[in-house]
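Protein sequences appear in the order of chains A and B. Per my numbering, residue 1 is the first one in the first sequence, and the count goes up by one each step. Per my numbering, residue 1001 is the first one in the second sequence, and the count goes up by one each step.
These are computed hints drawn from the structure, not numbers from a lab. For clarity, every value in this text was computed on a predicted model and none was experimentally measured. Worth double-checking, as some hints may not be accurate.
What the hints assert, rightly or not - Here are the in silico distance ranges between beta carbons for each label pair:
1. R159(A) with A1015(B): 20 to 30 Å
2. P136(A) with D1245(B): 28 to 38 Å
3. R1080(B) with R126(A): 56 to 66 Å
4. L34(A) with P1188(B): 23 to 33 Å
5. R1215(B) with L181(A): 44 to 54 Å
6. V1298(B) with L181(A): 39 to 49 Å
7. P1142(B) with S68(A): 52 to 62 Å
8. A1023(B) with L193(A): 33 to 43 Å
9. P1188(B) with A186(A): 27 to 37 Å
10. A135(A) with P1142(B): 53 to 63 Å
11. A186(A) with R1074(B): 18 to 28 Å
12. Q197(A) with T1054(B): 41 to 51 Å
13. R1016(B) with Q49(A): 28 to 38 Å
14. L181(A) with T1222(B): 37 to 47 Å
What the hints assert, rightly or not - Below, simulated DSS-like cross-link-like pairs (lysine-lysine); rule was C-alpha separation at most 27 Å, straight line:
15. K1095(B) with K1107(B)
16. K24(A) with K1095(B)
17. K1087(B) with K1115(B)
18. K1095(B) with K1115(B)
19. K24(A) with K1107(B)
Built from N, CA and C at the ideal position, the CB exists for glycine as well.
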Amino acid sequence: MSAIAKPVERLIEAFSRLPGVGPKTASRFTFFLLRGSDNLSVELAEALQQLHTDVVTCQQCYNIADESPCAICGDSLRDATTICVVEEPLDVVALERTHAYHGLYHVLHGAISPADNIFPDDLRIRELVRRLEAAPVEELILATNPNLEGEATAAYIQRQLAGKKVRVTRLARGLPVGGDLEYADALTLSRALAERQTA
Amino acid sequence: MQLVHLTLYNFRNYARLDVDLPAGAILLQGANGQGKSNLLEAVYYLATTRSPYTSVDQQLLSWMVVDEEMPFVRLEGRMRREDGRHKLEITLIQKPANNGGTARLRKELRVDGLKRRAIDYLGSLNVVLFRPEDIDLIGQGPSLRRRYLDITLSQIDPRYRSDLSRYNQTITQRNALLRQLQETGGDPDQLAFWDETLVTVGSYLILRRLQTITRLDELVATLHPSLTGGIERLRLVFVPRVDLDHLGEGQNVAQLPLRFDPQFAQTFALPSLGLEEIAERFQRQLYERRSLDLIRGVTSVGPHRDDLRFLVDGVDMTAFGSRGQQRTAALSLKLAEVAFMREETGESPLLLLDDVMSELDERRRACVTGIIGEQEQVIVTTTDLADFPAGFPAGGALWQVEEGRISEVSRLE
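Could you build all of it, start to finish, from the sequences and the hints given here?
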């Protein structure tokens, strides 16, 4: 017999399955919703329901979107001759915040990591190659993460495109803007030094 | 370099320790189980962020606090180096168990108050530790000897640390890919990136191990005879798993003969290859063995399979050394490491000798006493002061350890 009402227990259990949420935080969330007015609970319930019914994957760039093609792919003002390849939808958000990029995107949904059972076929790499065959672009920017898995993914894509007439570039690696040189770690600093540019 | 002050909270049997450390020799005397080795372990941990005794950091928590809500361990060291004074801090906080999982320790490293990743923290304080268990370094399997080389080189070479961590990640990924290709087939060209990374970072590991062992071999050539009264000649032999063209006709890198004739040992004076020459050989052999690796599902060639062997007068100590011989060889190695680190960094590492005198004969004790006297800073533990000559340590400190408390005693002659 449980000391707590079933629906409450069920919600606590569900919350605590979220990343970064433990049983204590889950209980706090649950009792906050229970004690508060209905509004937030209803809003949450609707938002959760729409999350799966109203979100689609753009069939061109594979970003998550309201419709396919997504707002970016459908924007005729954007430069369709450049595609930027990223690992996750959140990377698109980060790049869009810069307001410095006006081309299109391609979202892979992960990076190659055999140890985690993620292989090229699990990512949207074939779709990328097909997309380039259907509508050739001038430049492909590989913006995968600068870690081992991101580099493996970039290297794999580069090999798939060997012989194709497209300029493939990689994001520069180096010092963060506004950072102090003396606090930079050795690896970042040595890369920044190796990839230095003419002032 | 010198550790000038050490503070411990809840470390093993030290609920709280706050102590100034003088330069020169510090002799720690106490009965078994009072906390002598724990103090050396704390200093070693502060330098390497690892315990020599356990890979489970939870064990470092004092048993007096394990039942508290959020128990923690804290180590603080103030040290002096050529470039000035620095403060090192390591904090381990135990987070409560989550979702029925096990409790986890969060480790935080700081240098001069700034948070550091392990890879950037290492090398701040350099130590060389000798403990009775080091006999296993000679007598047990090659993984212990690789670990020894890795810890030594990680302390003094930032590139070695980052290349080592990248190498280990790459091996894991490559092996997982090999198994996938073996089970479901697929394009073996997927291996290209991992192979290239393996060669790039792995060749540096091989190069540094080769240089280090070559130098340590030269250093033990003078150290070991003085420990043994000139009776034994000790050689350190690097056994790389990548064939560096150092073997004679009909010899196989995988099979090291148990007895070397002197001429064979000569061929082990490995060629002084550069990084590119090593990389070229590694790459070729990795490629040659690819089909075999695909069948076995593991990477068969590379520094993760290297070994280091100890020969006394041509006899392999791992297979045939007596306990005494293995122990003395381990001690020679550690003493050579002190000199090696000093050459590499321009600073003397802090030497930690745990129960070094037990099982040593009169001659070896006299030799060790002499070496202790030459160190910039050394902490030595013993149960019995009679193991040391009267008046030892001259100009140093004598500390009594009892139930996790340290008191300084003046020595009665």
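Going down the list of hints, with the structure as the test:
no.	hint	result
1	R159(A) with A1015(B): 20 to 30 Å	59 Å, violated
2	P136(A) with D1245(B): 28 to 38 Å	48 Å, violated
3	R1080(B) with R126(A): 56 to 66 Å	60 Å, holds
4	L34(A) with P1188(B): 23 to 33 Å	57 Å, violated
5	R1215(B) with L181(A): 44 to 54 Å	33 Å, violated
6	V1298(B) with L181(A): 39 to 49 Å	42 Å, holds
7	P1142(B) with S68(A): 52 to 62 Å	56 Å, holds
8	A1023(B) with L193(A): 33 to 43 Å	37 Å, holds
9	P1188(B) with A186(A): 27 to 37 Å	35 Å, holds
10	A135(A) with P1142(B): 53 to 63 Å	55 Å, holds
11	A186(A) with R1074(B): 18 to 28 Å	26 Å, holds
12	Q197(A) with T1054(B): 41 to 51 Å	48 Å, holds
13	R1016(B) with Q49(A): 28 to 38 Å	56 Å, violated
14	L181(A) with T1222(B): 37 to 47 Å	43 Å, holds
15	K1095(B) with K1107(B)	11 Å, holds
16	K24(A) with K1095(B)	13 Å, holds
17	K1087(B) with K1115(B)	12 Å, holds
18	K1095(B) with K1115(B)	19 Å, holds
19	K24(A) with K1107(B)	22 Å, holds
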